[in-house]
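Chains as they are written, first to last, in the numbering used here: chain A, 1 to 324; chain B, 1 to 430.
In case anyone wonders, no lab produced these hints; they're calculated from the structure. Some clues are possibly wrong.
[As the list claims (entries may be wrong)] What follows is a set of in silico ranges between Cβ atoms, one per label pair, in the way DEER data are often shown:
#1 Ala28/A with Glu297/B: 28 to 36 Å
#2 His258/A with Pro71/B: 41 to 49 Å
#3 His345/B with Gln32/A: 40 to 48 Å
#4 Ser252/A with Ser395/B: 52 to 60 Å
#5 Asn114/A with Ala396/B: 24 to 32 Å
#6 Arg265/A with Gln136/B: 30 to 38 Å
#7 His216/A with Lys248/B: 49 to 57 Å
#8 Glu74/B with Asn114/A: 26 to 34 Å
#9 Ala28/A with Phe249/B: 38 to 46 Å
#10 Glu289/B with Gly195/A: 21 to 29 Å
#11 Ala171/A with Glu297/B: 45 to 53 Å
#12 Glu369/B with Gly139/A: 56 to 64 Å
[Claimed, not checked] Derived BS3-like pairs: lysine-lysine, alpha-carbon spacing no greater than 27 Å straight-line:
#13 Lys73/B with Lys400/B
#14 Lys266/A with Lys248/A
#15 Lys248/B with Lys138/B
#16 Lys319/B with Lys96/A
#17 Lys137/A with Lys400/B
#18 Lys137/A with Lys319/B
#19 Lys230/A with Lys167/A
[Said to hold, decoys possible] Chain B side only, calculated, beta carbon under 7 Å to chain A, not exhaustive:
#20 Leu205
#21 Leu207
#22 Arg275
#23 Tyr276
#24 Pro322
Ideal placement from N, C-alpha and C gives every residue a C-beta, glycine not left out.
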Amino acid sequence: MPQDTSPSVAGQSGDFPPFRQRHLISIADLKQHEIIELLDRAERMIAVSRQERKSLNTLAGKTQINLFFEPSTRTQSSFEIAGKRLGATVVNMSVKTSSVTKGETLIDTAATLNAMRPDVLVVRHGSSGAVELLSQKVGCSVVNAGDGAHEHPTQALLDALTIRNHKGTLAGLTVAICGDIANSRVARSNLLLLGALHVRTRVIAPKTLLPSGIEHLATEVYTDMEQGLKGADVVMMLRLQHERASGKMIPSVREYFHFYGLDERKLGFAKSDAIVMHPGPMNRGVEIDPAIADSARSVITDQVEMGVAARMAVLDALLNRNDA
Amino acid sequence: MTRPVLIENARIVDPASGTDHPGAVLIENGVITDIALNGPVGVPDGAEVINANGQVLAPGLIDMRVFVGEPGKEYRETLASAGKAAVAGGVTSFVMMPDTTPVVDDSAIVDFLIRRAEAQSLARVLPSAAITRGLQGKEITEFGLLKEAGAVCLTDGASSIQSNSLLRSAMSYAANYDMPFVHHVFDADLAGEGVMNSGLFATVLGLKGLSREVETVPLARDLQLALATGVRYHAAQISTENSLTLLKFAKSRNSKATAGVSINNLCLNENDIGRYRTYFKVNPPLRSEDDRRALIEGLRSGVIDTIHSDHDPQDSEVKRRPFAEASNGAIGLETLLAAALRFVHSDDLDLHTVLKAMTIRPAQILGLESGRIAKGAPADLVLIDLDYPWQVQESALVSKSRNTAFEGARMTGKVMRTLVGGKTVFTHQD
Numbered sequence: 001m002p003q004d005t006s007p008s009v010a011g012q013s014g015d016f017p018p019f020r021q022r023h024l025i026s027i028a029d030l031k032q033h034e035i036i037e038l039l040d041r042a043e044r045m046i047a048v049s050r051q052e053r054k055s056l057n058t059l060a061g062k063t064q065i066n067l068f069f070e071p072s073t074r075t076q077s078s079f080e081i082a083g084k085r086l087g088a089t090v091v092n093m094s095v096k097t098s099s100v101t102k103g104e105t106l107i108d109t110a111a112t113l114n115a116m117r118p119d120v121l122v123v124r125h126g127s128s129g130a131v132e133l134l135s136q137k138v139g140c141s142v143v144n145a146g147d148g149a150h151e152h153p154t155q156a157l158l159d160a161l162t163i164r165n166h167k168g169t170l171a172g173l174t175v176a177i178c179g180d181i182a183n184s185r186v187a188r189s190n191l192l193l194l195g196a197l198h199v200r201t202r203v204i205a206p207k208t209l210l211p212s213g214i215e216h217l218a219t220e221v222y223t224d225m226e227q228g229l230k231g232a233d234v235v236m237m238l239r240l241q242h243e244r245a246s247g248k249m250i251p252s253v254r255e256y257f258h259f260y261g262l263d264e265r266k267l268g269f270a271k272s273d274a275i276v277m278h279p280g281p282m283n284r285g286v287e288i289d290p291a292i293a294d295s296a297r298s299v300i301t302d303q304v305e306m307g308v309a310a311r312m313a314v315l316d317a318l319l320n321r322n323d324a
Numbered sequence: 001m002t003r004p005v006l007i008e009n010a011r012i013v014d015p016a017s018g019t020d021h022p023g024a025v026l027i028e029n030g031v032i033t034d035i036a037l038n039g040p041v042g043v044p045d046g047a048e049v050i051n052a053n054g055q056v057l058a059p060g061l062i063d064m065r066v067f068v069g070e071p072g073k074e075y076r077e078t079l080a081s082a083g084k085a086a087v088a089g090g091v092t093s094f095v096m097m098p099d100t101t102p103v104v105d106d107s108a109i110v111d112f113l114i115r116r117a118e119a120q121s122l123a124r125v126l127p128s129a130a131i132t133r134g135l136q137g138k139e140i141t142e143f144g145l146l147k148e149a150g151a152v153c154l155t156d157g158a159s160s161i162q163s164n165s166l167l168r169s170a171m172s173y174a175a176n177y178d179m180p181f182v183h184h185v186f187d188a189d190l191a192g193e194g195v196m197n198s199g200l201f202a203t204v205l206g207l208k209g210l211s212r213e214v215e216t217v218p219l220a221r222d223l224q225l226a227l228a229t230g231v232r233y234h235a236a237q238i239s240t241e242n243s244l245t246l247l248k249f250a251k252s253r254n255s256k257a258t259a260g261v262s263i264n265n266l267c268l269n270e271n272d273i274g275r276y277r278t279y280f281k282v283n284p285p286l287r288s289e290d291d292r293r294a295l296i297e298g299l300r301s302g303v304i305d306t307i308h309s310d311h312d313p314q315d316s317e318v319k320r321r322p323f324a325e326a327s328n329g330a331i332g333l334e335t336l337l338a339a340a341l342r343f344v345h346s347d348d349l350d351l352h353t354v355l356k357a358m359t360i361r362p363a364q365i366l367g368l369e370s371g372r373i374a375k376g377a378p379a380d381l382v383l384i385d386l387d388y389p390w391q392v393q394e395s396a397l398v399s400k401s402r403n404t405a406f407e408g409a410r411m412t413g414k415v416m417r418t419l420v421g422g423k424t425v426f427t428h429q430d
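Using the sequences and the hints given, assemble the complete structure.
Structure (structure tokens):
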């Protein structure tokens, strides 16, 4: 039997202390040093992903189930690749539910999955708190791949990783998050993560898309793009869900793009070396001008690459705990 | 003829008369026949003598908002189990909400409930009747016939009438019969998909918020319509500081307007939800600490008239769900009094104020003879050990459903004995 000669990140990284968390449900659960440690781990995973042989065996023999109650090809694929690169057996499950039976399905599914003895469940669900509820019913680690408008912690990690790679550091930066803050789990996780690392955060949106109490989560709150973007190092755009553009929250996509869509003129208020981010998929011409999305300042495809690395880091950290 | 009962060596606390004095009470044929505050009371031959050992003897509680699963959802609660839970908590009468299957929107159902409750329930069950057929908010029910059948008030229970014109019409018609009109104030359109108090905490949890205007906008409308129609209006339950301002103004214009508060909103705030704990999902939602403090002040000043349990049994199937999808409601009959006594022990409210809101004020609003310790009044009484320490344990609850928001809570003060119509229906067993 040939010996496994692939590099082991866990083996290489004796300098990483054992990860204490069993699940990754929320950025709010992480201490500052745990966030930094995950980012550092992810840094090493980038190197792995860029080498010719992209496989590690740190999760060999482990079973990862991706359980998606909402369709999301990008996130699911990212987790799938991350798990496979670490040597895990990855099973994708998409669960279609009616709104009436969602809860029953969740608890029932948890019991069924638990009986299959997975090592990690990666869960996306349309209801805030659903992943937390599921984590209470299973014996394995659970990773939140997005729950309602609550959190999307791996997105925040990959965003921070992207920023750090482009700017060299997170310290002293000003990050402006623009768009539908009220309904965005990406915004919440990013505000918590960047806040924990003392990054200056701004949110910019029309009042109808700013949630109550947001001034306690973001360093600054703006309803005007020009003011909000002034001096920003990072401009993070959010996807506008089509149902928000139905006339109740904003009058029209045309007006939204005019005042809140990122174009050349508005981006001009940010620093000249500011980078542009978007969690995808983008609505070109709604929240972002196609020319900006495809410009050299856009790091959107880098975010996708960092996504795999960040998710590898999370899976590796959770499944190689000392008590695992 | 039942045996006379003498309760002696009691601290008689009756908010209706302002009494707080040692004494004895004599009960004959289910009615209070003598009250001795300063001297001995004559003891009829063969009387059962209960030594209260200095415990508080108060009127039995009247709970104005209780949901029962019978008929239709007996697995949640039956009239019998609700009655047992009620008397264990010192509640001798409760208004049963019409949210059953079928809805209590027909006099035959009121009649059925009265007969069934008399046979099954240890506590007195006071049926309410739906304001609109099927609680649909579209057509009004037969108020007069429902009253004749025994409904004590009109309410759409957990539903709230959205149509202004229908509400005006319903209030006008209810005023014909002088029926209490109890309305849950909730603007469904403003509420949208909201599931908890709007604010920072909802934002952090990623849950849609219920703004305070979801309550204050319809309350302002209701109070104006109540004034215009002359109906005896009762805002079923309020939860915000701004509602108190509206009520205060209305009360200065219309002495008939009254309001209630749920014990949940008095004792708990939005932070109790913690990490999506659905037993704390109630309607109105748990509000901020500032709102909660304002509600206590509202009771103290008399702007709020009544405290109720909002007892709403839900099975685990509908509670063990993601927060947004879980049903509203918590049980509360057994914990109502003990939870309310917290305000007495913390010196936020005096004993008279707390008991008044659960005895004589609901009795006055509903036009009942009970709720007081007076000669000729029904002998619906409770003996309370004000200093008895205990902890709420789910397994010890009598109610069929276990969705209590007070699980594990430490309480001081407990009902030791409950009498309905002079008959002991509950005795605390250590």
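Hints, verified against the model:
no., hint, in the structure
1, Ala28/A with Glu297/B: 28 to 36 Å, "holds, 33 Å"
2, His258/A with Pro71/B: 41 to 49 Å, "violated, 58 Å"
3, His345/B with Gln32/A: 40 to 48 Å, "holds, 41 Å"
4, Ser252/A with Ser395/B: 52 to 60 Å, "holds, 57 Å"
5, Asn114/A with Ala396/B: 24 to 32 Å, "holds, 30 Å"
6, Arg265/A with Gln136/B: 30 to 38 Å, "violated, 53 Å"
7, His216/A with Lys248/B: 49 to 57 Å, "violated, 31 Å"
8, Glu74/B with Asn114/A: 26 to 34 Å, "holds, 32 Å"
9, Ala28/A with Phe249/B: 38 to 46 Å, "holds, 42 Å"
10, Glu289/B with Gly195/A: 21 to 29 Å, "holds, 23 Å"
11, Ala171/A with Glu297/B: 45 to 53 Å, "holds, 47 Å"
12, Glu369/B with Gly139/A: 56 to 64 Å, "holds, 59 Å"
13, Lys73/B with Lys400/B, "holds, 11 Å"
14, Lys266/A with Lys248/A, "holds, 25 Å"
15, Lys248/B with Lys138/B, "violated, 30 Å"
16, Lys319/B with Lys96/A, "holds, 21 Å"
17, Lys137/A with Lys400/B, "holds, 24 Å"
18, Lys137/A with Lys319/B, "holds, 14 Å"
19, Lys230/A with Lys167/A, "holds, 18 Å"
20, Leu205, "holds, 6 Å"
21, Leu207, "holds, 5 Å"
22, Arg275, "holds, 6 Å"
23, Tyr276, "holds, 3 Å"
24, Pro322, "holds, 3 Å"
When the structure is compared with the earlier hints, violations turn up for hints 2, 6, 7, 15 and for no others.
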